[in-house]
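Peer 1: Protein chains in written order, with my numbering: chain A, 1 to 289; chain B, 1 to 731.
Worth flagging that the hints you see were computed from the coordinates, not collected in a lab. Possibly wrong hints are sitting among the right ones.
[What the hints assert, rightly or not] Listed below are the simulated BS3-like cross-link pairs for lysine-lysine, each with C-alpha atoms no more than 30 Å apart in a straight line:
1) B/Lys661 - A/Lys59
2) A/Lys249 - B/Lys234
3) B/Lys231 - A/Lys59
4) A/Lys249 - B/Lys487
5) B/Lys487 - B/Lys470
6) B/Lys311 - A/Lys254
7) A/Lys146 - B/Lys710
8) A/Lys257 - B/Lys487
9) B/Lys487 - A/Lys61
10) A/Lys238 - B/Lys311
11) B/Lys416 - A/Lys59
12) B/Lys234 - A/Lys257
13) A/Lys241 - B/Lys729
14) A/Lys59 - B/Lys234
15) B/Lys661 - A/Lys61
16) B/Lys311 - B/Lys631
17) B/Lys715 - B/Lys693
18) B/Lys631 - A/Lys61
19) B/Lys495 - A/Lys61
20) B/Lys234 - A/Lys241
21) A/Lys238 - B/Lys729
22) B/Lys608 - A/Lys238
23) B/Lys729 - A/Lys251
24) B/Lys715 - A/Lys254
25) A/Lys241 - B/Lys231
26) A/Lys241 - B/Lys470
27) A/Lys257 - B/Lys715
28) B/Lys470 - B/Lys391
29) A/Lys146 - B/Lys715
30) A/Lys254 - B/Lys609
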Amino acid sequence: MSVNNLLENWSQFRHAHPVDDKPHDPYKWAMTIDLDTCSGCNACSVACYAENNIPVVGKEKYAHGQVMHWIRIEHYWDEDLGEEGGSEFPEQGAQFLPMMCQQCEAAPCETVCPVGATNHTADGLNSQVYNRCIGSRYCSANCPYKVRYFNWYDYPTTDDVWPAEMTQQLNPDVTVRGKGVMEKCTFCIQRLHAVKGTAKNEGRLVRDGEVQVACQEACPTDAISFGNLIDPESRVHKQWKAQQVELDKDKQLKDEKEGGTDLRGYRILENMRPYPSVMYLERVRESAI
Amino acid sequence: MMDSGFDRRDFLKVMGWGGAAVALSGCGNTSIEDGKETVAPYVEAADYVIPGIGVYYNSSCAQCDAGCSINGRVREGRVLKLEGNPASAINRGRTCGLGQAGVQHHYNPDRVREPLLRNGDKGEAISWDQAYALIADKLSEVSGEEIAFVSGGVSGHLKVLMENYLSSFGCKNHFVYEALAPGVVRAANKKAYGVEMPRYNIDKAKVVLSFGADFLGSWVSPVHFSQQYAKFRKGVDGQRGTLIQVESKMTLTGANADRWVHLRPGTEGILAMGIINALGTAKGDIAAAVAGYDRAFVSKETGVPAGQIDKIAAMLKLRSPSLVLAGSAAEGYAHGSQNADAINLLNYVLGNVGKTIEAAATVPFPQMAPATGNTAALKSLNDGLAAGRYKVLFNYAANPVFTAPGAMSFKENMAKADFKVVFAHYIDETALQADLVLPLDSALEDWGTQVPEYMADGAQINIQQPLMEKLHANTRGMGDILLALLKQRQAEDYKNYEDYYAYLRAAMVQNKAALGGGSADDDAFWNETLTDGIIKLEGKVTALSAKPNVVGLKLPTPMENDEFPLQLIPSVNISLRDGRHSNQPWLQESPDPLTTIVWDSWVEIHPKKAAELHISEGDIVEITSKTGSIKTQAYLFPGIHPEAISIPIGQGHEALGRYAKGYGANPFHIMDAIFDEETGELAMHETRVKISKTGQRVIVVKDESSAGAKQIREKIAGRVSTDDVDLTKEV
């Protein structure tokens, strides 16, 4: 590979992961989160702790920013709240946003890993290989969403993280991570793996709704949908299509229309070209009140 | 159900011997080395134990009283995770964070494991036989009137046994005490609709006007209401539902509102009357009653701009049906009943009764219906204890030493009873005062039935079955304990029931025709019942009576108080509720949705007020009421009325366990004993306080960044006006 070739065809190399030339086949896992129904209740986050053996770090380590929540609820007030010209009270409520690994197609974390511990799977996940990770934390530094979490301590042997009885709750399908490795949301890869195996044994593909990720399964308002973006019958595929959000675009065609559209699907930090696999639907607010 | 349970470490030890073998142990934490377990090959595995494969069993969540049905994943004899049971009309396959943490209740390292008898400051382990003999002995010395039993909300067969036990010695002193129950709203509903808890159809309403009802967070049946809310937002015929929340301190539901209206604490009723007045559709008595509540007066008293009142009235008029809810913020005053009555009157005027408020079905077994109660019951118990009327006190599923308002001095009064028995999962504050502590099975180890107070679609009885073997050999189910105690008194009547399971099975099978079992074989009926985890019944539906309540409606205007200038609003945290679950670490580390604070208490102050008082985030402040004072960290919060401050409930434990003890402060301790004038329930929002800086400062431990909850430059959480979006195009 000459440097010239690299420079001339940069977009092709940059696009190592999406999609238009080599689509994921037969699976591309993706998600939609409806911010209008998300109530910010945190059920998804607790469910994720239960499913994925996430350690509870305690108050002191939390204060040091060492919390391990793979999915967190971000909470925002309106920009003009308390400012000149704005109200002193949040008259339109707050905004909540569940944030987890966006499983980017061109993930900024992947390119900086010195040992290739984080890379792309054939079904479009950004995977993290724990026993290859050396803990350089470059990936976390390069993640625009700040959703990678580092094991600063050996939690399995830390007091009161998993005392004797609580070890029995640990999910045997998920590794318990030791000190010095990076971890993050996996889209519940253990659940995907199990259901893909079942489907393969039966000589078919995974059907829509056959697998739910832990956050989605708990969500009391059904704000999260998850599935195979390639499957035209899947809810996620239909949602992305209806919202005219395309996986391999860094600027959606609909946003170029004058006056905008009456659609509310968007991806966070899309213009940075990470090609995230999570589409959010904007929160709606009544104009008549 | 399963006769093997073993832990991962033991499994590895056995595998280390080189054989495909499994360690079978009676009760969890024994090991091969001490010779307490045998090694048996997997070919003799118990039914449904398939190595490496999770098996799912239905049961019921016991983390709160909503009555959600759960589906527990069990692998190699251990319960790993709880999901919702899709067949339940209440939670339809969903769970909340509190429900998810149910496994941490079960596996909690701080559970009580042996019956403990007080010896000075210590508890000495005794056997169950000794404990039962001691109870029989103590009861023989007193009459029925000298015994009191305080419990949380109970229903189903457990309630039947409890009542039978109490009546076996002629005791009528059963006090049902749920610290956060909507006692005043129940009474107001009874007057307005003829039932305490009707069905609220949020999904059929076009507008929901909620007076401090946190139905997405902690009110009545939050998982059920959350699902209705999701439908309400998607809308009927493309008309998205509009939520207006009126309250003095923003709740999770308020944070999700299209319009959040803050008003002076306690003026909810006045605003409701003002809206009726502004609607202008009321006639006769009602029109006369609201005549004085014109815009100028209402606006002055509530602090809500007149234009806002007109807008709300206009929207309610335009979009029908609507639904008006009275929540804990409205009922927490000395005139709480009046507030709730006025709010229910607004529903009547809008014609919502019968449309968005409907009659709920009831289970045709009144003896199993849930026993409900609130602080009025605790007050009468407390008065009895203070007067020395009760010699023996039983306590189950309540922690009154932690949740009683400080002004009641419950702990001191409790000490006046000679013999105090506490049935406990943990050594909580109340168990610490007991003479005898009896350790309970966790909800995932025990049998039971539940009848939810809030019924969704039709009526249902929930079945609770063990999801695994007992973790600790010496804990007992509450049903088993009551049965053993009943056998002491009426051996003949209960001799056929070896244990609570046998009693439960017999009671259900006997009634199988009424329970929808038809002519099925007993075993088939029972197995199907356990498999489903729910018995669905048509239930009895009594039509609601829509009665306008205008007689005697008096809404006092707020008073100034120079010594204690601020109103204390104790808020209910979605995860911690009344504090009984604070020892579950997932919940401690689950950030409060509105402040993102973890592992501590805080006091919310409006930034404007804080500037006036020179308080900034992280200042340790002292909050003083007539009753007492507590210290905690300050947090500047825009979603609160400047004349109020708010402290969450659930922290400030002096006992309970390693994840709860020593974190935060308990606002119950500074609560004055002010009660609703009509129902006698505690007026939780009525305490007045003053606030002062102590000079100490801390860094608030929270999830949000130091920049606070603002989006800068890039769009992260997007929002759009209803004018700019077409929801009908969506999937």
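Peer 1: All the hints need checking, so say for each whether the structure fits it.
Peer 2: Results for each hint:
no. : hint                : verdict
1   : B/Lys661 - A/Lys59  : holds (13 Å)
2   : A/Lys249 - B/Lys234 : holds (28 Å)
3   : B/Lys231 - A/Lys59  : violated (37 Å)
4   : A/Lys249 - B/Lys487 : violated (73 Å)
5   : B/Lys487 - B/Lys470 : holds (23 Å)
6   : B/Lys311 - A/Lys254 : violated (35 Å)
7   : A/Lys146 - B/Lys710 : holds (16 Å)
8   : A/Lys257 - B/Lys487 : violated (79 Å)
9   : B/Lys487 - A/Lys61  : violated (52 Å)
10  : A/Lys238 - B/Lys311 : violated (38 Å)
11  : B/Lys416 - A/Lys59  : violated (38 Å)
12  : B/Lys234 - A/Lys257 : holds (26 Å)
13  : A/Lys241 - B/Lys729 : holds (11 Å)
14  : A/Lys59 - B/Lys234  : violated (39 Å)
15  : B/Lys661 - A/Lys61  : holds (18 Å)
16  : B/Lys311 - B/Lys631 : violated (41 Å)
17  : B/Lys715 - B/Lys693 : violated (38 Å)
18  : B/Lys631 - A/Lys61  : holds (23 Å)
19  : B/Lys495 - A/Lys61  : violated (56 Å)
20  : B/Lys234 - A/Lys241 : holds (19 Å)
21  : A/Lys238 - B/Lys729 : holds (11 Å)
22  : B/Lys608 - A/Lys238 : violated (47 Å)
23  : B/Lys729 - A/Lys251 : holds (22 Å)
24  : B/Lys715 - A/Lys254 : holds (17 Å)
25  : A/Lys241 - B/Lys231 : holds (22 Å)
26  : A/Lys241 - B/Lys470 : violated (50 Å)
27  : A/Lys257 - B/Lys715 : holds (18 Å)
28  : B/Lys470 - B/Lys391 : violated (34 Å)
29  : A/Lys146 - B/Lys715 : holds (16 Å)
30  : A/Lys254 - B/Lys609 : violated (45 Å)
Going through the hint list in order, the structure does not satisfy hints 3, 4, 6, 8, 9, 10, 11, 14, 16, 17, 19, 22, 26, 28 and 30.
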